[in-house]
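Trainee: Build out the structure end to end from the sequences listed, making use of the hints.
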Amino acid sequence: MNAIENKISHQQSSHCESGVVANMLNSQGMNLSEPMVFGLSSALTFVYLPIVKVGGLPLIAYRMPPKSIISSVCKKLNVKVNSQKFSNPEAGMKALDKALSEGKLVGLQTSVYWLPYFPEDMRFQFNAHNLTVYGKNEQGDYLISDPVFEDVVTCPADDLKRARFAKGVLAAKGLMYEMTLPTTEVDLAPQIKSSIKKTAKMMNGLLLPFFGNKGIRHLVKKIKTLKDKPHKDAAMFLGNIVRMQEEIGTGGAGFRFMFASFLDEAAAFLNDDALFEISTFTTEIGDLWREFAMKAVLFCKNRKNVTIDDVAASLEVCAEQEALLRSKLLQWSK
Amino acid sequence: MKKEQVPQDSCKSYDGHKKLIYAVDENGHYQGVQSSGWEVEGFATEMAVQALDEQLNDMKKALLAGTVSPIAYYLPLYRFDLMSLAHASGFFQWQIKRHMKPEIFAKLSDKKLTKYCEAFNISLEDLKQPVIKE
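In the order they appear, the protein sequences are chains D and X.
Residue 300 in the numbering used here sits at position 300 of the first sequence, and the numbers go up by one each step.
Residue 79 in the numbering used here sits at position 79 of the second sequence, and the numbers go up by one each step.
Calculated from the structure, these hints are not laboratory results.
Treat each hint with caution, since some may be false.
Derived lysine-lysine pairs resembling BS3-like cross-links, with alpha carbons at most 25 Å apart [what the hints assert, rightly or not]:
no., chain 1, residue 1, chain 2, residue 2
1, D, 232, X, 60
2, D, 232, X, 12
3, D, 167, X, 97
4, D, 53, X, 111
5, D, 167, X, 112
6, D, 173, X, 112
7, D, 53, X, 3
8, X, 111, D, 173
9, X, 60, X, 2
10, D, 167, X, 115
11, X, 101, D, 301
12, X, 2, D, 328
13, X, 101, X, 112
14, X, 128, D, 167
15, X, 115, D, 173
16, D, 161, X, 112
17, D, 53, X, 2
18, D, 161, X, 111
19, X, 2, D, 167
20, D, 161, X, 115
21, D, 85, D, 75
22, X, 128, D, 85
23, D, 301, D, 222
From a predicted model like this one, the values you see are computed outputs, not experimental measurements.
Mentor: This is the structure we're talking about:
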């Protein structure tokens, strides 16, 4: 078998989707940081969906649904995305090999559970993990830039096939995508402004009480009701929130630090001190989310001095400060 | 979070890996910093892993006692829940619950069992006669 190795600059990232976009574009000569990709795609949000259960616990998310980062940021930057799905796994693997032999970098949507290079405790049935394939070695293993890992990795063909075609919620159906850079350069300044405005507008939530600030306050109320539940149930509920906020590729504090980093970079780009101040304020909000996570875990550990009300109150502070952040962002992007 | 505050708690779940976190320097500007884990996050992860292990142990015992079918054992082993297994296998949740009963499982056709084999990525023999790992 002929080895193929296409040029890639692998940069470790906090989150898979924003990381894949940044790595794929930068490898072709663009110069975008992961936070910039995240911010431009207006991916920051909050979702609490008590009706959708994952492993018996409600769905909680701190960002927009999978694939929205790729589509919105590429649209903003005039990057052409060529994506394909397959009903036949063999055809999907052939198309991947063909694209690699043409010198392309190929983005894939995969299931974390079937990727053997993931640590055991991080493997779970989640089908929307993104990575970039940049080649194949003599043994037929694929060369992969998985953005959440420090370095590039390899993956046997059978495992990669399984990961691409795993059935289930958000099934990838072999999704692969290539990105082509625009011929003319895009002016970032207006894009930064419009994406910040969009994020701010979403922060209050939609009509339903599951999104944005309304969602956070809804969760505060739910946490207060845990007082009547057995300690173990309450602990599982709170532990789930902490996992979604800290563990699932968020860069800490449910993407709040990544968004603050975007604002910091945008402020430097626009030479805008007011925006830098908002970045600093967002950092403080991130710290508040971390404080909430700490209190929640102290409660789980059964520390007598931390009550459910303390945990709820700590989350309520996050809601209050994010309402303030929203008005600052709206004011700035007016 | 300041960059010197980025936790380096060497979480077990990271298995020696490091994650990237964004944190500020002394001037309030951001940079990426590697973290070997945060104890708070690690605790939440381990709690979830433990809950799964407990569920798996219960099912192991129940399978050996003959009160559940192999489906009930493989579900937690492969980190599924009813919803994700329903999506992966094509069965409804209520059907899966039925298939967890040994007497119903025994009557299932190989065609139906194959759907589970594909979801778990195991052979038909392993599905019918699980090799229980300690």
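Trainee: Evaluate each hint against the coordinates.
Mentor: Comparing the hints with the structure gives:
| no. | hint | in the structure |
| --- | --- | --- |
| 1 | D:232 <-> X:60 | holds, 22 Å |
| 2 | D:232 <-> X:12 | holds, 22 Å |
| 3 | D:167 <-> X:97 | holds, 19 Å |
| 4 | D:53 <-> X:111 | violated, 29 Å |
| 5 | D:167 <-> X:112 | holds, 16 Å |
| 6 | D:173 <-> X:112 | holds, 22 Å |
| 7 | D:53 <-> X:3 | violated, 35 Å |
| 8 | X:111 <-> D:173 | holds, 22 Å |
| 9 | X:60 <-> X:2 | violated, 46 Å |
| 10 | D:167 <-> X:115 | holds, 11 Å |
| 11 | X:101 <-> D:301 | violated, 36 Å |
| 12 | X:2 <-> D:328 | holds, 23 Å |
| 13 | X:101 <-> X:112 | holds, 15 Å |
| 14 | X:128 <-> D:167 | holds, 22 Å |
| 15 | X:115 <-> D:173 | holds, 17 Å |
| 16 | D:161 <-> X:112 | holds, 23 Å |
| 17 | D:53 <-> X:2 | violated, 35 Å |
| 18 | D:161 <-> X:111 | holds, 23 Å |
| 19 | X:2 <-> D:167 | violated, 41 Å |
| 20 | D:161 <-> X:115 | holds, 18 Å |
| 21 | D:85 <-> D:75 | holds, 20 Å |
| 22 | X:128 <-> D:85 | violated, 33 Å |
| 23 | D:301 <-> D:222 | holds, 20 Å |
Hint check: violations occur at hints 4, 7, 9, 11, 17, 19 and 22; the rest are consistent with the structure.
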